[in-house]
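Visitor: Here are the chains, one letter per residue:
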Amino acid sequence: MISLSPKWVAEDLFEKRPPGLVRVASIYDHVINIYVESSNQLLMLAGTQMFKGPSSAGLGDKEFRILQNELAIGDPAVFDGESIEFPGAAKIQLLNARRVSFGVPQRIEFDRQAFISNSATVAQLLKKQAAPHLCSVLLEATNSSPALNVQHPAHFKESDCFWLFGKSIKAVFSKLVDALIDDNRKAIEEYVEKIAGLGFGSSPTGDDLIHGALLAMHYNRYLEGSSWNAPDFKFDFRTRTTSLGAHMIAIAMRGLTPEPVLAFIKNVLEAKPVFSELKALSAMGSDSGISIATGFFLATAKYWQKTV
Amino acid sequence: MSLHVRVQRNCYQDSVRLMQISEKIKTMPGINKAFAIMGTESNKATLARGGFDLSLMKDASPNDILFMVDAQTEGDAARALDRFQTLVDEVRKSGEESRHAVASIETARALLQQASLALISVPGEFAAYEAHKALRAGLHVQIFSDNVPLEEERKLKLLGQKLGLLVMGPDCGTSIIGGTPIGFANAVARGPVGIIGASGTGIQEISVLVDLYGSGISQAIGLGGRDLSDQIGGLSAFMALDILEHDPGTQVVVLVGKSPGPQTTEKLVQRCANYAKPIVFSLLGEKRESILKGMRFVARDMEEAARLAVELAENRPVAARSSEPESEELRNLLAKRLSNAPDSRVLLRGLYTGGSLADEAFSILRNQLGTIRSNIASDPALKIAGTENAHEHMLIDMGDDEFTVGRPHPMIDPSYRAERLVESWADAETAVILCDVVLGHGSHTNPAGPVAEAVKLARQQYGDVVTIVASVCGTERDPQVLSVQQAQLHDAGILVLSSNAEAARVSGRIAKLYSNRRQV
Amino acid sequence: MNTPNLLQEKPAIINIGVKDFQEHIIAAGSASVHVNWKPPAQGNSELYKLLLALEDIRDEIERANEKAMHNVLNAQPVWIDVGPAIEMIPGFTQDTILHAGPPVTWSRMCGPMKGAIAGALMFEGRARNKEEAFELAASGAIKFFPCNEFHAVGPMSGIISPSMPVMVVENKERGNRAYSTFNNEKNRKALSFGAFDQDVQDHLAWQRDILGPVFARAVRSCGGIDLKAITARALQMGDDGHNRHVASTSLLLRELAPILARMDIPGTHFGEICDFLRENDFFFLNFSMAACKATMDAAHDISMSTLVTTMARNGVESGIRISGLGNRWFTAPAPAIKGIMFPPFTKEDANPDMGDSTITETCGLGGFAMAAAPAMVKLVGGTVADAIGFTKTMAEITMSKNKAFTIPYLDFDGTPTGIDIRKVVDLGIQPRINTGIAHREPGHGIAGAGIAEIPLECFTGALKAYAEKYLR
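Chains as they are written, first to last, in the working numbering: chain A, 765 to 1072; chain B, 2 to 521; chain C, 14 to 485.
Only chain A is shown next, with the shape it has when bound in the complex:
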């Protein structure tokens, strides 16, 4: 039994009651995903090349490779809140590792006017990065401020099937944002259910957009001095979408998001340049990072335009 110490641990791993029995869901080059029966969230063991994020622990190269070699899909493990143990193989001690927070930071220097003036630049940069991805259907603007009632985007060809999915996303997303801003719980649930699981990628675009929009509510309400609780959805996300997609929605419901998104959010809200942060996000998944950024930005832009 090998004992492994992670280089860092997400603080949120200690916040809820530990799930007990879990199992290995998938093993990739840079991350091992662990399926938690009792929750929508995955538990992730990240190698050094993977970005830091909630519900995860990060291992050094050697330790990560040991796990990659030792574990197989379906292997059981026990997470008791202090450690994750793979019987007969390895035990990862979590308690004393460096803790990293992925929630809303205490200090964000937000100025509404500055944000609004900077929006056009951000929209332009986002549009450029998002161009090959499904979420770009939401960024075709009719005027200089990002609008959500968009025209048919000319540069998508029918042959790419994007339009097939893009139509649904466009139709639903703006309504979802409105529902979130008004805190209309029933409508939120209706629209989330409609776009969860929709789109490309192992965390489908719809889920990433939901992630971004939920985060926007957490952050913007915080900036206004109030807090916000995401609604308790009646359906089980894991029946609606992939395990990774369900995970992305679950963490966003708690106001948590991975490091590259945190960096983007901070700069966008503080009206600082987001060039590098967007570049980093385009390396996150095939389009997850950019879709999350799009969801966050559009929801935030609308939020501050509405509240006077």
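Keep in mind the hints are simulated off the structure, nothing from the lab.
One or more hints might be untrue.
Here are the simulated DMTMM-like pairs of lysine to aspartate or glutamate, each with C-alpha atoms no more than 25 angstroms apart in a straight line [what the hints assert, rightly or not]: (1) B:Lys156 with C:Glu137; (2) C:Lys51 with B:Glu126; (3) A:Lys771 with A:Glu834.
So these bits of chain B aren't anywhere near chain C, every CB distance computed over 10 angstroms [claimed, not checked]: (4) Thr74; (5) Gln115; (6) Ala116; (7) Arg137; (8) Gln252; (9) Ala274; (10) Leu383.
Glycine included, each C-beta is placed from N, C-alpha and C at the ideal position.
Chain A is already provided as a structure; the job is to place chains B and C on it using the hints.
Guide: Leaving out everything else, chains B and C in the frame of chain A:
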């Protein structure tokens, strides 16, 4: 039109790979659309709306993959779906096979039979050994690492000579070989000018200026910082000269470096006397005038070197840039600033990230301003520590060793030069700040950004009393895009010149305006 | 080697160090391979300085190694004879007992080796039981030596006593000879694993009285059996030369059967021999080992060569010998074996690594040829990809590939052969061995199987000695 779908279970492939595979399938004959998507309810419903057969996918769960093709015939579709499967399996297998990470140069050589060069960037204390192994494996070598003992460098270059292989470096961060940029290099046009450089940013500056003047680079060979010293005696320089003499793509050679040893310079002069192609010398250093006396093309700075080279290579005149390039508007702004600035503000501070750019600016400013202190001055009377703030004109190379221990080079992490910029602005004696902004592969993704931000912040906090001058070493083709970088600097009220030499001269002239104003 | 043209378009570049540099090189259209560099000698600066200094005499080292490898690759081991050890092995006396691994005194020997020695002494008639045998062994009357120092090799405890029949293998290319016993595993019991009961005694007697003499006549009559050819074929049939011998044993039986059938021997003997070969999946092991020994001995004692010519373990220590360093052993404590225990045995029952069979890895077979025998993973754990990876990793520390032994799974690439101590120390990659696990108590036989490594300390010790000898 034939829409087909196939379900792949238990396939844990990441989405980037799936996308790549889909792209490959799309190129198959008779295929209109092809993609892989997860089997969620929403996706299934959407696909059904698009005409795909729901019954074929109804058993798919959200974590299964659906391969979709829209093909001209059933046969085309079946072939494509089979190929999808094969490629996904292949990726899974090769993922397992590639678990063997190549551990040695020799194994790498066996895998890459056509390899001609080894690029070594391990810590300096171990670089010599790797270079030996690379030479023995029959490879030319570029050693990016520095802090390699002098004696090791000599041994390596002598071995290289014996084996007919070139050793570029140590401390060689830049080269462009066969059209491929290696290390910190810019994306420049291809053309007839060859560069042999003992300094990285020297090669960079000359290459971007040659590009700016409408020509291009055939090859840029780095030598490492010590090659032209008498202890090494130009072992690589002479080999490089031979190589470029025989290269049909090179018409003119620019030799750029600093303080070559006297014996080495003499040998260079002799060699160049019977060199088949014109050589432009761009050598900094105190005694160069006397040593290079009699050589035809001796440039006073890198801008002139690039210009001469292009003239010789392209056989056309290239106009020199004006030395007072500011517009009317900028002149007015400057005048206003000069009258507003407190009398104490009379000094120039150069804050540099590129070593050779710093060297060149320092040399130019010494001639212009007289006394100027620097952490890279060879004259002990002028030398200061990099962290010092002198009460005289000052130029700091922030890429020098004392700054880079335990910290990335400022070309990669621009934040601490930006901080220093704000500090300099705050300093009541500062009148002019001179900066370089270096683009290209390996540099920060947006080096102008932090400079512009720092300037705006400083101006806001301390007033519009300092004139800030910069040059951008880059091209339109560079990932950071020259014009985008220049625009950011412009918008921050920075005076941007197109070469380092020009920027240095202009900043020196403006510094004089500040100090003369006090005398009035 | 032709020097490559520096200025070729889009040069293919090998990148060592910072991986990021590769990104732009590849984006520009050049091919590139990245080397996963780690500090040489795991950062030990003393060893690093030695490695660097050896570059100064590299030309001479390469010449010596070329000579040594020529002998290795061109060896032609042929089984030519059989006879009692005391008659066939030069220097063997009535009081000699040879054992596996580097030198070790009786008091320090591990359980299985003591058990095997007891069995041998009982077989020689010099003791009636284990207690008497132990007393005799401890008395000093018996002289213990490593097999390897007598041009011999033995698997597991590797015990060779005077009356035991040994095979004589001659390297036709150079004329040198090597020796080994015949594998004595029967019904899961073997002297070599430390068993010494009556069954073992009976089998040893049968080997002495029947197997040995019959084989002697057979092999002499046909002029010799080419062992290299059998190994080469067997490698393409899923054998690895160390732990899987089903194919090679079958091929050997194919060679022998027609000869035996035409010899004038009692039918029962022929039957017994065939039965034995049929039941013993490891029979060819000893032949493989002796062939490798004859090969490596031909490359031993070449001045300045950094080739490893012996790797052997005695259950207490593992040791190596180097071509350019004569008969000096470089040893370290034998490591535990990572693998699978056969029920009802557990890890506590495992004996540390033991046997001369690593002569096969020394010669590019066994773990080095694991890609040829991916079924090994069932025994030692892992995936087929791991098996292929093993061989690729071993290629990092060897001087050459043996074109006589090719591996189908690697596109018929030759097995990596010829371990270079410089590379082992530089890369920190230890030769990896697939091996059986003996029970630590004498008398139990085989308890499991797995993967072991020769300790790095052996190689660093050898390198230091090499530098001292040749770097003045």
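Visitor: Honestly, which of those hints from before does the structure not fit?
Guide: 1, 5, 6 and 7
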